[in-house]
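Engineer: Once you've looked at the hints, go ahead and assemble the two chains, each given alone in its own frame, into the complex.
Protein chains in written order, with numbering that gives the first Met the number 0: chain A, 0 to 360; chain B, 0 to 133.
Hints should not be assumed to be uniformly reliable.
[Claimed, not checked] Below, computed lysine-lysine pairings styled on DSS-like, alpha-carbon distance capped at 27 Å:
(1) A:336 - B:90
(2) A:11 - B:41
(3) B:124 - B:112
(4) B:60 - A:336
(5) A:339 - B:53
(6) B:131 - A:11
(7) B:59 - A:336
(8) B:112 - B:19
(9) B:90 - B:60
(10) B:124 - B:60
(11) B:131 - B:41
(12) B:5 - B:132
(13) B:90 - A:33
(14) A:339 - A:352
(15) B:41 - B:124
(16) B:5 - B:19
(17) A:258 - A:271
(18) A:33 - B:5
(19) B:132 - A:13
(20) B:41 - A:13
(21) B:19 - B:131
(22) B:90 - A:280
(23) A:264 - A:117
(24) A:33 - A:205
(25) A:339 - B:90
(26) B:41 - A:3
(27) A:13 - B:131
(28) A:33 - B:100
(29) A:11 - B:100
(30) B:90 - B:59
(31) B:5 - A:11
(32) B:110 - A:336
(33) A:292 - A:280
(34) A:13 - B:5
(35) A:13 - B:100
(36) A:117 - A:255
(37) A:11 - B:132
(38) A:336 - B:53
(39) A:292 - B:53
(40) A:33 - B:41
It is worth saying that the hints were derived from the structure and are not from the lab.
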Amino acid sequence: MGRKTPLYEFHKSKSHLGEFAGYDMPIWYDGISKEALNVRTNVGIFDTSHMGRVIISGSDAGEFLDYIMTNEISNLEIYQARYSLMCNENGGIKDDVIVTRIEKNSFLIVWNAINREKNINWIEKEIMGFEAEVEDISDESFMIAIQGPKSEGCLQQICKEDLSLVKRFRGLRTKIMEADCIITRTGYTGEDGFEIISRDVEKALKIWNSLISLGAEPSGLGARDVLRIEAGFPLYGNELNEEINPFEARLDFAVKMNKPIFIGKEALEKSKPIRIRVGIKMLDRSVPRSGYKVYFKGDLVGTITSGTYSPILNSSIAMAYVPINIKGEVEVEIRDKMIKGIITDFPFYDLRKYGWRRERN
Amino acid sequence: MNSTIKVGDFIIIEGLLYSKTHEWIAINENPARMGISDYAQKNLHDIVYVELPKIGSSFKKGSTICTLESIKAVAEVYAPVDCIVMEINSKLIDSPELINKNPYGEGWLVKVKVEGGTEDLMDAKAYAEFIKKL
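Chain B extracted, bound-state conformation (with noise of 0.2 Å):
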């Protein structure tokens, strides 16, 4: 397990990259696992729906690539980067919770492959000094 960080009540792992809408991308893996921050989860709370992408679908960076449903909203999950989707949780379909539970972990929402640069994601102390001024 990867050290963790703590910012008040919400973790971040680090050697996963983030963005500024709280994705998670774990850059080092082939194909790379993503999901939403422990920050991200904790607001959104309560996640009873997810909508996941086709296989094999490819989005562009900050684009729509999942939708997620709490009881009080509906949130966009947005593709940090360029890519293609390789595989789904599909999990997720009959247990949204586990987002709630295990963000980082059994509440990975897509593994996609990488087709673009990642130079506007943060890394784990980046993104606890911006979720800091939050």
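One chain only, chain A, in its complex shape (with noise of 0.2 Å):
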């Protein structure tokens, strides 16, 4: 048996439960195509109780987390949230994390479950000198991500701020139901959407039984994972790990190289990536798996991190890492047969139909 979040007791009655780091999550309800449709078109929402969650505060805080994070993090305003990387002193990533500013010189990190204990033992050490302290709230917390184009529409109904006025990657703190809430306009899916953190971990099966009922479809981590592919988000273990620095995995957008120093920076000025990440877009439905082997022009180039059936695309698609240099056609080995591929830009999905920027009808 492994741990459980909050929401537990819903998963077990309504879901095909699996492990995922260590906990017992739920897979789908009602079918993991299905569930990623209705987030493309509808909303959904997803136990994300999971991932770790931590508040680094203290009068050092922000020039701590602008050291350890290779994006800046000051200068963050409050209830701003930012995408961000933490490498090793070799460039390798550590994780890849949400930082969320909740008050002057208090920031909320939510970063991955498979390496919650990694992170903590790093900044613990990593913290000493500076005038700061780590809280891990993860077991006394839990967060519930709302995604698809009504997600603003069925949470504004449980929520007296006007969310319209929220932007993309910002935030407020808010009482839903009585419970104390840090809400941002976040997500992991690429459609619009909020993330909803709070210490009232009794109120937590309240709250998700209020948004399934104003029309939100509980979706589980299968269709998560599916939603994350089709809008080309890497998943730390699959495509991040200690040996790929952000340049390969081509995340150059969360490292601010013209920051004075943070942890990783001397070996990423020196880094020539010769492999990156790449999408890759079936001509079937035939599914790549992790593992697979890519060739391109007959050569062995590389292999598939992440691969899923993508309902939107009626093909599958898939990530690996090849050669800065192979574009258009490669092949996939799936079971001894090779199957043609292209390589595609993220997000997979045409930006005009689908995603948070997408053209309101």
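Structural biologist: Laid out in structure tokens, this is it:
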């Protein structure tokens, strides 16, 4: 038996459970494709309480985060959020995170469930000498992601603040059904949506059920994986690890090389990527999976890191690391057969039709 | 329509024979239709791709005759008897979800000429008992 989130009883009765990062998590409720499509067109909710949540506070908190993060943190406004990486001394990625400034001297970091222990041990070492402290609130809080084009309308019905005023990567603090919540307009699906974090764990189920009664469909980790691959987002453990640097992962936007200092900067200054993360859109529905080999003009050039069937594209899609000069058609070896695919930009979907930037009708 | 047995959410059709690996075969038909059981499709779930055999190819009992893919997994379908493939359900190439929608009907996989014995297969009642214990 794995660890359980505050919403476990709901998942147990309504979903197919699976183990993820030591937790018993819902993999699907009604169907992975159906849930993924619903988030692209309507609104879905995900229990993301398994993710790590820590608060860094103290007069040096901003300075400390500028030192351990590749992105700029100390210039965030209150309730502003930012995607960042943490690197090791060699420039390899320790984790990818979202940092939200919640007070002048207090920041909330959300990081990957599989890295919780590694990260906290590392931070406790690095924080020495700074006027700052770290508090892991993962086990004393819950997190719900509400995602999809109709998420604002859904969440608005139980939120007093005007959510239409909240821009992407901004947030606020409010009460939802008497629970003290931090809400940010963020997510891991490519769609518009919000992430709700609260320490009032006894209210988790009440909020979850209210969102369902207002039209949100419970959605599992299976759909979450489809959605993040369609959007071109990397997953730690698949696309990211300590041997891969941010430029290879094509996360340059999250690295501010003009910062005077941060862990990994020196190594990154010298790095010249020879392989990069790419998308591959397959010409049929056969699914490339992690570890499958990628060929270019007959030569083995790389390995699939994630793959799935995309219900909006009606074909399979994947990510892989390949040498930087590779473009156009590749082949993926699937059960001894060579299946054709095309190197494709992220996201895989048409930005005019899907995603939070889509044209409003 | 043959009568059905229900074990929990899973439907089992009388008149078919079943394998321990959850294939069914309509042994009274010639050629005999085969597919996967409701139990198998519900566990595999969300089938997105089907790899069907070539017509005319022969299979030993227990060898892989088709491969099914869901978003999360790859599953092999084993020949329940020694057989030769006479026909394939080519509708599944574009609509693999038919297996989830109707595993005993439109979601059949292949029609085969039976070449060997069926002694290891279960009838509907025995299969119902078998999946009750899983």
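Engineer: Hint by hint, note whether the structure agrees.
Structural biologist: Verification of the supplied hints:
no.: 1; hint: A:336 - B:90; verdict: holds, 21 Å
no.: 2; hint: A:11 - B:41; verdict: holds, 17 Å
no.: 3; hint: B:124 - B:112; verdict: holds, 25 Å
no.: 4; hint: B:60 - A:336; verdict: holds, 24 Å
no.: 5; hint: A:339 - B:53; verdict: holds, 21 Å
no.: 6; hint: B:131 - A:11; verdict: holds, 20 Å
no.: 7; hint: B:59 - A:336; verdict: holds, 22 Å
no.: 8; hint: B:112 - B:19; verdict: holds, 21 Å
no.: 9; hint: B:90 - B:60; verdict: holds, 25 Å
no.: 10; hint: B:124 - B:60; verdict: holds, 22 Å
no.: 11; hint: B:131 - B:41; verdict: holds, 15 Å
no.: 12; hint: B:5 - B:132; verdict: holds, 14 Å
no.: 13; hint: B:90 - A:33; verdict: holds, 21 Å
no.: 14; hint: A:339 - A:352; verdict: holds, 26 Å
no.: 15; hint: B:41 - B:124; verdict: holds, 19 Å
no.: 16; hint: B:5 - B:19; verdict: holds, 17 Å
no.: 17; hint: A:258 - A:271; verdict: holds, 19 Å
no.: 18; hint: A:33 - B:5; verdict: holds, 25 Å
no.: 19; hint: B:132 - A:13; verdict: holds, 22 Å
no.: 20; hint: B:41 - A:13; verdict: holds, 15 Å
no.: 21; hint: B:19 - B:131; verdict: holds, 12 Å
no.: 22; hint: B:90 - A:280; verdict: holds, 23 Å
no.: 23; hint: A:264 - A:117; verdict: holds, 20 Å
no.: 24; hint: A:33 - A:205; verdict: holds, 24 Å
no.: 25; hint: A:339 - B:90; verdict: holds, 22 Å
no.: 26; hint: B:41 - A:3; verdict: holds, 25 Å
no.: 27; hint: A:13 - B:131; verdict: holds, 21 Å
no.: 28; hint: A:33 - B:100; verdict: holds, 14 Å
no.: 29; hint: A:11 - B:100; verdict: holds, 24 Å
no.: 30; hint: B:90 - B:59; verdict: holds, 25 Å
no.: 31; hint: B:5 - A:11; verdict: holds, 22 Å
no.: 32; hint: B:110 - A:336; verdict: holds, 24 Å
no.: 33; hint: A:292 - A:280; verdict: holds, 15 Å
no.: 34; hint: A:13 - B:5; verdict: holds, 20 Å
no.: 35; hint: A:13 - B:100; verdict: holds, 20 Å
no.: 36; hint: A:117 - A:255; verdict: holds, 24 Å
no.: 37; hint: A:11 - B:132; verdict: holds, 21 Å
no.: 38; hint: A:336 - B:53; verdict: holds, 15 Å
no.: 39; hint: A:292 - B:53; verdict: holds, 25 Å
no.: 40; hint: A:33 - B:41; verdict: holds, 15 Å
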